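Colleague: Each chain, letter by letter, is given below.
Protein chains: 2
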Amino acid sequence: MISVALIEDLKDIRDPLFEFLSFQPEFLCEIKAESVEDFLEKAKGFLPPDVILLDIGLPGISGLGAIQLLKDRWAEVNIIMLTVFDDTEKIFQALRSGAVGYLVKNTPLIKIRDAVIDSYGGGAPLSPEIARKVVRFFESPQNKIDSPLTEKEKQIVAGMVDGQSFKMIAANLGNTIETIKSHTKNIYRKLYVNSKAEVITKSLRGEI
Amino acid sequence: MISVALIEDLKDIRDPLFEFLSFQPEFLCEIKAESVEDFLEKAKGFLPPDVILLDIGLPGISGLGAIQLLKDRWAEVNIIMLTVFDDTEKIFQALRSGAVGYLVKNTPLIKIRDAVIDSYGGGAPLSPEIARKVVRFFESPQNKIDSPLTEKEKQIVAGMVDGQSFKMIAANLGNTIETIKSHTKNIYRKLYVNSKAEVITKSLRGEI
DNA sequence: TATTATACCCCCCGAATGTGGGATTGTGAA
DNA sequence: TTCACAATCCCACATTCGGGGGGTATAATA
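Chains as they are written, first to last, in my numbering: chain A, 121 to 328; chain B, 121 to 328.
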């Protein structure tokens, strides 16, 4: 029997999911909580759970913050994030903190069941799009030998990463601000982005 | 129809697996090769395959070396490694080179079929023990340094790094844009910066 | 030679961001 | 009980950014 706990604030998700999990013959579902605080309270007197399904967008202590907390308490527990967020930062923060799984919230119930079993068996259940992001992380930037950017464009990117405004970049490179903005448009087109923020992120992740 | 190719030197594995895959109604299996060289020869005249199942222990060009080669030729191809090796080095080398999946060789046929579909759909099929190793890679050895930012502020920073506008961050976190702007002012004050760009740079350099 | 591609330069406008004020609520520490 | 401070919202205003144009010059290529 796999002992499973669920922490999820939305009643409409929590209750049906918990009921479904309770129905599984291989699961022992003892704890259902609407927040981390609630969970820690209810967990008193129970044996450590094998698997915890944990929402990220919780009131009070967030799911991401809770990972560390829960791992400190039970080092062996398998934490699976269950969330609507699919942005890279949250995924990596969760994994860094010690989560072993990451499921997006539209995951069918049966897949959630499989994920619990998978994690208990030493796997790492990730939703397909999440898995792809994780795997992409390893892809060596060196593979993309030739940056599509020209020298000028690279200088501008460097300025952006440095936190400079277009005006400052223009001053440094001896151009008008309009010229810099024009180059920026070309940069955005080449990198398939449409904001300074994305250029900086791509650049610092070695994707240029 | 997903066009699938198989490169595997052992006849005893290659032939039954190819037959199985050919039998799947959603697959179009045109190329079966016993080496990378053999594959490149046979691939002439065919459209680029969607998914390539690739052994690592091949005679001649190794599977690991072939990844780069194949990705250079068809940037969009999904390469799934199929191998007896489960050592960390080979896994990461494969992912670095651009493979999207990694299956150990005792994987049941039906799971291989699922993996092909998964990869074609934008996923990253990994055998459970492989997935766990990949996820473990992220686990930070040291406990997080204390950031001056609150949980909420960190969420906003995460949004910024993801390239979101204040409006989008507000929508994701369920706030008004004014709230986000207010928090942003506090973030800037705490980090001694005065632009989104600088926050992203600091964050990605691990200075938060 | 005409065409194409590319790097580089500039202007305008609406949207987003940055900055200066506010305000209220709740929580937790002094 | 103050006090600080996180979190939520609001307004006003100046600046910056993103996307739409328009150009020139040069090199390669058809």
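Mixed in with the good hints there might be a few duds.
Unchecked claim - Per the computed footprint, the stretches of chain A lying under chain B, defined by three or more beta-carbons under 8 Å from a beta-carbon of chain B, are:
# : region
1 : 123–129
2 : 133–145
3 : 228–242
4 : 269–282
5 : 290–302
In short, the hints are calculated from the structure, not lab data.
Remember, it's a predicted structure, so these values are computed and weren't measured experimentally.
We put the beta carbon where it would ideally sit given N, CA and C, even for glycine.
Colleague: All hints are to be evaluated individually against the structure, with a verdict given for each.
Modeller: Hints and how they fare:
{"no.": "1", "hint": "123–129", "verdict": "violated (count 0)"}
{"no.": "2", "hint": "133–145", "verdict": "violated (count 0)"}
{"no.": "3", "hint": "228–242", "verdict": "holds (count 3)"}
{"no.": "4", "hint": "269–282", "verdict": "holds (count 3)"}
{"no.": "5", "hint": "290–302", "verdict": "violated (count 0)"}
Figure legend: structure checked against the earlier numbered hints; hints not met, in rising order: 1, 2 and 5.
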